[in-house]
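Chain residues, written in single-letter form:
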Amino acid sequence: MINKKTYARILPLPLMLLAMLLPATAFSVDVAADEKKGLEIAVEVDLRDEGFTDSSASLEMILRNRHGETSERQLRNKTLEVADDGDKVIIIFDTPRDVKGTAFLSFTHKLEADDQWLYLPALKRVKRIASRNKAGPFMGSEFAYEDISSQEVEKYTYRHIKDETFDDRDHFIIERDPVDSKSGYKRQRVWIDKAEYRIWKIDFYDRKDSLLKTLIYDDYNQYVKKFWRANIMEMTNHQTGKSTRLNWKNFSFQNGFSEKAFTKNALKKAR
Amino acid sequence: MLNRLLIISLAVLPLSVLHAAEWSNQASIEARYFFDDALNPKQHDSNLSVTFESEFYHDWDDDQQRVVFTPFARLDQHDSERSHVDLRELYWRRSFENTDLYVGVRKIFWGVTESLHLVDIINQSDSIENLDGEDKLGQPMISLTHSTELGDWSLYLLPWFRERTFAGLEGRLRPPFVVDHASAQFESGDDEKHIDSALRWSHVIDDWDVGLSWFHGTDRAPQLIPQTTNGTTTLLPFYAQLDQIGLDAQYTYESWLWKLETVSRRHDNRFSPALNRSNATVGGFEYTWYGLFDSATDIGLVMEYQYDSREGNRAPIANNDIAVGGRLTFNDVQDTTLLALVASDFDQRERFISFEGSRRLGELMSISLESRFFSNTSPQSSLHSLRDDDYFEATLTRYF
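So the sequences go chain by chain: A and B. Each residue of the first sequence is one higher than the one before, starting from 1 at the first, in this note's numbering. Each residue of the second sequence is one higher than the one before, starting from 1 at the first, in this note's numbering.
Keep in mind that the hints were calculated from the coordinates and are not lab data. Idealized CB from N, CA, C, for every residue including glycine. Take the hints with a grain of salt, since some may be wrong.
Restraint-style ranges between C-beta atoms, simulated for each label pair [to be verified]:
#	chain 1	residue 1	chain 2	residue 2	range
1	B	Leu292	A	Val179	22 to 28 angstroms
2	B	Ile205	A	Asp168	22 to 28 angstroms
3	B	Leu155	A	Ile62	24 to 30 angstroms
4	B	Arg94	A	Tyr223	31 to 37 angstroms
Take the sequences, apply the hints, and build the full model.
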């Protein structure tokens, strides 16, 4: 935002027009093809995960600082697929013990801000909270709220970069730029396998375009003969040396959850 | 076949039971230090206190039924009133299609604002625990919550009234005279057995969270009436009957939370019938700046105006006050937070200042620090009796 403004002030108008026109005419065909292919891959990733209806899982988070000291959190989540919008999610915190019983409800949306509520068990109080904090850390971990929020095609613009083979798998490498100016990232580089369209690695670049974090997915399993979920997700922050490992357990799909399990009233009863 | 089923169910059973029934306990030790000498020579300048709280819950019938049991106990070094036990919760819940039925002792919270809770009325304040009024005594009830497309409806029948707790002779943070529970008076001839009732509707409409509530029964806040017998003055709590209509609303937009609570009350007050109607409002905003200076730290600003139409000796502390607070959330592994709040009275110029901080220690402990100051008080001001009760408090809690 600020960069654009500075540019406009420095460059005279004809030069600016030239600067805008030149790359567009010279590379428009290639850029368009890369963008088209990038979007096609992203749409396919989304399509392969469509129709899961609902899911639940439990999660162990292991936070590690640069000295190797660790801290653990146990949580459980329930997700309800919402057609033509983001998913509804409930997260229940089991440890650390001082936040046990705290529960979080989020109606995620494709482009507009998510609706979020927090249940505080000591006061029996449900608080609507601001969801503006996309770039902030989730529970002190290396995962930002936007990293754990439901992934929607509309949240990014895409381009295909190249293909790469490793671990005996062929991958597409795409780059995606967050649409939301409140995102903490300028771009993300994503490795997706060609066979099943699963994400294996994401490099996150901060707003200054320096490599900030790398997320590695591992130990994928397929559920209800369709949906792939990684049991292990490991996020490393290159700038701080801290890392967070997620160990997923007890994935369960199509449990028959209804809308009623994702309301403020349900949040108060969540265990 | 039968054998195999038996083996499978035996293997699965302990897991499901473990998940559905659980005890959690916490114990804390609290140390308070008062900066000034007490007004009354019987009071003490420092105090130690320990608490224990346990919670048991069990779910069965495919989570359609639940029992919860939460006993609480405090043992205080000096204040015999503050040493007390309470049943915070003991209830059974049965869920139907769109309805939940609750029978037993529960805690209910209504409202949205931070500096004052006007709408919240179901539970009595366990005010001897902390000045902030957020500790509550368990309230016996039968209640129904019915969820519809147009919001949640809750009906409460409250068959037994709980008296407010106050510090005893040797306790600090109390009026100059001791509250005499034994001679509490009720306007209702049924005393504490008056059956109170309440109804609430709440709904989420896009960025709005709204609630409307109605209460009929014994006011949770007593009038404290001085009386002198044999040369000793005590305060007699008088619990009037109250009808209250409340509205609470929050509008959430980006980093802004706009909050409002307002109540209209009608007391049946035989001491001053002319002052039966009153209203009170608290409203303001909370704004948060996220990721301060490229760090993970957030800073929040809270500003709320508090108004109450009651005047003279019936005026509560928050009657024409502005509360301004700042909250620092470090978003670190230990969940470190700091909160500072100043509430100033426009008329009497008195000030209430509060600092709070908390942080986790390892996986099973947490520490919280709190310091409060009552400044600029005058003999006319409602905080006058607390003028020498500025204090610092440290609480260490262990979970097991």
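Taking the hints in turn, this is what the structure says about them:
1. The hinted window of 22 to 28 angstroms between B:Leu292 and A:Val179 holds, with their beta carbons roughly 25 angstroms apart.
2. Distance hint check for B:Ile205 and A:Asp168: the Cβ-Cβ separation is about 53 angstroms, which falls outside the suggested range of 22 to 28 angstroms.
3. The hinted window of 24 to 30 angstroms between B:Leu155 and A:Ile62 is violated, with their beta carbons roughly 46 angstroms apart.
4. Taken as a hint, the range 31 to 37 angstroms holds for the pair B:Arg94 and A:Tyr223, whose Cβ atoms sit roughly 33 angstroms apart.
Checked against the numbered hints given earlier, this structure breaks hints 2, 3; the rest are met.
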